[in-house]
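There are 2 protein chains.
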Amino acid sequence: MSEWHLARGYLYAGVHSGLRPDPQRLDLALVVSDRPATAAGVFTQNRVCAAPVRVCRERVPRTDARGIVICSGNANACTGSQGLRDAYRMTECAAQAIGCRPEQMLVCSTGVIGRLLPMAIIEPGIAAAAAALSADVSSLERVARAILTTDTCIKVSTRRLNDDIALTGFAKGAAMIGPDLATMLAFVLTDAAILADDLARIAREAAASTFNCVSVEGHTSTNDTFLLLANGSGPPLAGPALQRFRETTIAVCAELARAIAADAEGASHLIAIEVEGAQTDADAQRIAKAIADSALCKTAIFGADPNWGRFVSAAGYAGVDFAEDDLSLWLGDFLLYDQGTPAPFDAAAVSAWIKQHREITLRLCLRLGAGRCRFYTSDLTYDYVRLNAEYTT
Amino acid sequence: MSEWHLARGYLYAGVHSGLRPDPQRLDLALVVSDRPATAAGVFTQNRVCAAPVRVCRERVPRTDARGIVICSGNANACTGSQGLRDAYRMTECAAQAIGCRPEQMLVCSTGVIGRLLPMAIIEPGIAAAAAALSADVSSLERVARAILTTDTCIKVSTRRLNDDIALTGFAKGAAMIGPDLATMLAFVLTDAAILADDLARIAREAAASTFNCVSVEGHTSTNDTFLLLANGSGPPLAGPALQRFRETTIAVCAELARAIAADAEGASHLIAIEVEGAQTDADAQRIAKAIADSALCKTAIFGADPNWGRFVSAAGYAGVDFAEDDLSLWLGDFLLYDQGTPAPFDAAAVSAWIKQHREITLRLCLRLGAGRCRFYTSDLTYDYVRLNAEYTT
Numbered sequence: 001m002s003e004w005h006l007a008r009g010y011l012y013a014g015v016h017s018g019l020r021p022d023p024q025r026l027d028l029a030l031v032v033s034d035r036p037a038t039a040a041g042v043f044t045q046n047r048v049c050a051a052p053v054r055v056c057r058e059r060v061p062r063t064d065a066r067g068i069v070i071c072s073g074n075a076n077a078c079t080g081s082q083g084l085r086d087a088y089r090m091t092e093c094a095a096q097a098i099g100c101r102p103e104q105m106l107v108c109s110t111g112v113i114g115r116l117l118p119m120a121i122i123e124p125g126i127a128a129a130a131a132a133l134s135a136d137v138s139s140l141e142r143v144a145r146a147i148l149t150t151d152t153c154i155k156v157s158t159r160r161l162n163d164d165i166a167l168t169g170f171a172k173g174a175a176m177i178g179p180d181l182a183t184m185l186a187f188v189l190t191d192a193a194i195l196a197d198d199l200a201r202i203a204r205e206a207a208a209s210t211f212n213c214v215s216v217e218g219h220t221s222t223n224d225t226f227l228l229l230a231n232g233s234g235p236p237l238a239g240p241a242l243q244r245f246r247e248t249t250i251a252v253c254a255e256l257a258r259a260i261a262a263d264a265e266g267a268s269h270l271i272a273i274e275v276e277g278a279q280t281d282a283d284a285q286r287i288a289k290a291i292a293d294s295a296l297c298k299t300a301i302f303g304a305d306p307n308w309g310r311f312v313s314a315a316g317y318a319g320v321d322f323a324e325d326d327l328s329l330w331l332g333d334f335l336l337y338d339q340g341t342p343a344p345f346d347a348a349a350v351s352a353w354i355k356q357h358r359e360i361t362l363r364l365c366l367r368l369g370a371g372r373c374r375f376y377t378s379d380l381t382y383d384y385v386r387l388n389a390e391y392t393t
Numbered sequence: 001m002s003e004w005h006l007a008r009g010y011l012y013a014g015v016h017s018g019l020r021p022d023p024q025r026l027d028l029a030l031v032v033s034d035r036p037a038t039a040a041g042v043f044t045q046n047r048v049c050a051a052p053v054r055v056c057r058e059r060v061p062r063t064d065a066r067g068i069v070i071c072s073g074n075a076n077a078c079t080g081s082q083g084l085r086d087a088y089r090m091t092e093c094a095a096q097a098i099g100c101r102p103e104q105m106l107v108c109s110t111g112v113i114g115r116l117l118p119m120a121i122i123e124p125g126i127a128a129a130a131a132a133l134s135a136d137v138s139s140l141e142r143v144a145r146a147i148l149t150t151d152t153c154i155k156v157s158t159r160r161l162n163d164d165i166a167l168t169g170f171a172k173g174a175a176m177i178g179p180d181l182a183t184m185l186a187f188v189l190t191d192a193a194i195l196a197d198d199l200a201r202i203a204r205e206a207a208a209s210t211f212n213c214v215s216v217e218g219h220t221s222t223n224d225t226f227l228l229l230a231n232g233s234g235p236p237l238a239g240p241a242l243q244r245f246r247e248t249t250i251a252v253c254a255e256l257a258r259a260i261a262a263d264a265e266g267a268s269h270l271i272a273i274e275v276e277g278a279q280t281d282a283d284a285q286r287i288a289k290a291i292a293d294s295a296l297c298k299t300a301i302f303g304a305d306p307n308w309g310r311f312v313s314a315a316g317y318a319g320v321d322f323a324e325d326d327l328s329l330w331l332g333d334f335l336l337y338d339q340g341t342p343a344p345f346d347a348a349a350v351s352a353w354i355k356q357h358r359e360i361t362l363r364l365c366l367r368l369g370a371g372r373c374r375f376y377t378s379d380l381t382y383d384y385v386r387l388n389a390e391y392t393t
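Chains as they are written, first to last, in our numbering: chain A, 1 to 393; chain B, 1 to 393.
Some hints could be false.
Just so you know, same-sequence chains aren't split out, so a pair can sit in one copy or run between any two.
Each computed SDA-like pair below joins lysine to any residue, with the alpha-carbon atoms no more than 25 Å apart [claimed, not checked]:
1. Lys355 / Asp305
2. Lys355 / Val112
3. Lys355 / Cys153
4. Lys355 / Cys365
5. Lys355 / Asp383
No lab work stands behind these hints, which were simulated from the structure alone.
Build out the structure end to end from the sequences listed, making use of the hints.
Set out below in C-alpha cells:
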C-alpha cells in the first residue's frame, strides 16, 4: 500500500457494524472531506433503482459535499418508502457525527435486494465509523474492504497528477455487472479544484469508456453509482491541466473497471475484447458487449475452445451494420477469421494458449471507420453457476 | 406417432450421409411437395447469416416451391463464397433428383460454424434421400431426427384444421437460441391453399409470438429459419377459415417453440415468463426477454432460490418505462413482490416448490395497459456450462 497516492483532505473509516453476521467482516464505510468538495455522479439507468441512488441523484451535482456513507450486505433496493427514509436517515446520522448538514452527505448501499436495512445496527455503526476516521492508507484500505460483497479482493487505483494533485479511486463489484452509464460502486476522490460542470462532464466521459465497458453477465444493478469528489481550493483547473486531470481520471476508472472484471465471480479468465475499425465508438461498444454478454462465447473461453463462430455470430446480432467481409478476428496473436473467410490455424495451439493465460485478448477488426472500444469481461464457469445458484447474493 | 396428423402431398426422407461420424446418426433430410407449394419464410436478423439463409431469402416468397433439403452437423455459416456455392449446389442436387428447377428447392443447415461442407459426402447423401422419399409417419420422424444437433428429442407438432386441411410442423434447437424475428430451424407444411401474401403475413405473425418468445441464452443464431409451405389447390382460404388457419399455425409454432425451450441444453427447469399489464405487447416481451437472458435469474431458478430481486432488477433494465409501484411478481402461486413492496413469503416453501416442478411460471403484473407476453426459457446449470465448454457445437 506504500505506493498509494492519496488525495489530501480526505478521511476514511471502515468498520464492522453487525450488518454482516461474520464479526471479521467490515460492512460499513465512511469517507469525509475535511472541506466542502465539488461532487459529480453517474448512476444506474435501471428503472428499479435503489433508495440510496435516489438520494444521491437528488444531491449531486453540488459544490459543498462533505462525504459518503456506504454499507455492504444490503442493497436497500426494492424496499419502498421505508427504504427511502432509511437512506436519508443514514446521511443524517453521518452528518450529525461529522458536523454538517444531511444534504452534504451522500449514501450508497450494495448487497441483497429487497430487505429493509436494520437501522438499529446501522446507526451505531455510523457513529463508530465517524469516531475512527483517519487519513492514513490503512483506513483507506479498510474502506475499500468494507464496501465489498462477493469480491475476493479490494480494488484501489491511485494516481498523482503532479506534486499538488492526486486521485484516490476505489470500487467494488464482481457480479450483477452490466454496463449502462455506470455500473457497480466506484469512487474517485481528488484534491484538485474543478468546476462543477467540468467535474460532471469528466465523470460522464470517464464512466462511458470504463465502467460502461465492463460486464460480468450483463445484469445492470439497481445500485450502480460512480461518485467523483474534488475538494481542492484556489483557481479551478482549466485548459491543458484540466485535460490532464480528465485523462488521469479515466486511467483510474479504467484500472478499477478492469479490476472488477478480473474479480468476476467464478471466473478463470479475464477477457479483453478490443473492437476497432467500426463506424463509431458506440458501434464498437455494441459489438463488444454482445460478445461479453453471450454465455456461448464465455463458455468457449472457459473450455479453451477457439470456437470463433460464436464470437462472429455474436457480433452479427449486435445491431451494427457490417458485412462478413469487413470482419477479421484474432485470439491473442492467432488470426482465426480473415475478412469473412475462415483462417487456417492450429486449434490445439490456440487452446493451449488460452489455458496458459489468465488474461486473454479477443480482437475484432472491421474496416468501416475509426470507431473502437476496449471492453472487459470474464468467462462463464461452473463456479459462477455454483456461486449464483447456491447463495442468495 | 399414430396420432400425428399429416398434411397431404408431402414426402419425407432422413438419412445418414456421413456428415456426422456416428453411422447411427441421421444427418440429412429431404422434404418434397408432390405439387408446387406456396412458400413463406422468416429468417435470422443476424448480420452474419449462413449461406443457406441467403439462398432461402432469394427464393421465398414464391408459389412453386417443391421442397427443402437440410443437413445437420455443419451450419455452412461464415464459409465465404465457397459456402454459398455449396448451398446452391445442395439445391441443384435435390432438384435434379426429384425433377424440378433448382430455384424451386430451399435449403437449411445447422451445426458448427466456419467449416466448409464436405460436398463429396453431401451429394450422394441427397441422392440417397431422394430414393428413400415416403409419405409415412416414420419418414417424417426420420426427418425430424435428421435435423437435430444437441437436441435430446425430436420436436413435432401436427394439427388437423378439418377433414381437408392438416398442418405438419417440426423443428430443432437446444442452444444458440435468442429470438430475433426467427430462431432455430422450424418448418410447417400444410395442404391448405393459401395466397402467398397471406402465408407470408401468417409466417411473420406466428414467428413473432412463438419463436421470438423463446431464449436459451439469447445468442441469435446465424442459421435461424422458419419455413411455411402450403401446397393446397383450389380456392385459397379466406375470411374465418383463413383466420382459423392462422390460429392453428400459431398453435403449432407455439408447441414447437415450447419444445425447444424444454429441451434447452443442460436445463433442469422450463421457465414460462408471463408478463401482463404492460403498455404494449412489445414492452411485455422486452421485460420477459431481459429476465430470460439474465444469468443471475437463470441460476437462481437452478438453485431453487426465490431471490426475486434478480427478476425485478432485470425487468428494470429492459428499457421499458415503469415505476416500482406498478410491479408485482409471482413465482407459481407465491406472491413475492407486491406493487413495489416485498411481500412476506415462506422462502423454504417456495424453494421446495421450485425443486418439485420441472416447469415453473414466473408472472410479472404491471398496471399500465393490456400488453402481454408469454416467453419460454430455461435455467442455467452446470450441464449447460459443461456442454458448451467441453464441446465445439
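Do the hints match the structure? See the list:
For the identical chains of this complex, Lys355 and Asp305 are intra-copy neighbours only, at 9 Å inside a copy versus 33 Å across copies, given an alpha-carbon limit of 25 Å. Proximity of Lys355 to Val112 under the C-alpha cut-off of 25 Å is restricted to the inter-copy arrangement: shortest distance 22 Å between copies versus 34 Å within a copy. For a Cα distance limit of 25 Å, the shortest separation of Lys355 from Cys153 inside one copy, 23 Å, qualifies, whereas the shortest one across copies, 34 Å, does not. In the homo-oligomer, the alpha carbons of Lys355 and Cys365 lie at most 25 Å apart inside one protomer (24 Å), although the nearest pairing across protomers, at 46 Å, exceeds that limit.
With identical chains, the CA atoms of Lys355 and Asp383 are at most 25 Å apart both within one copy (17 Å) and between copies (21 Å).
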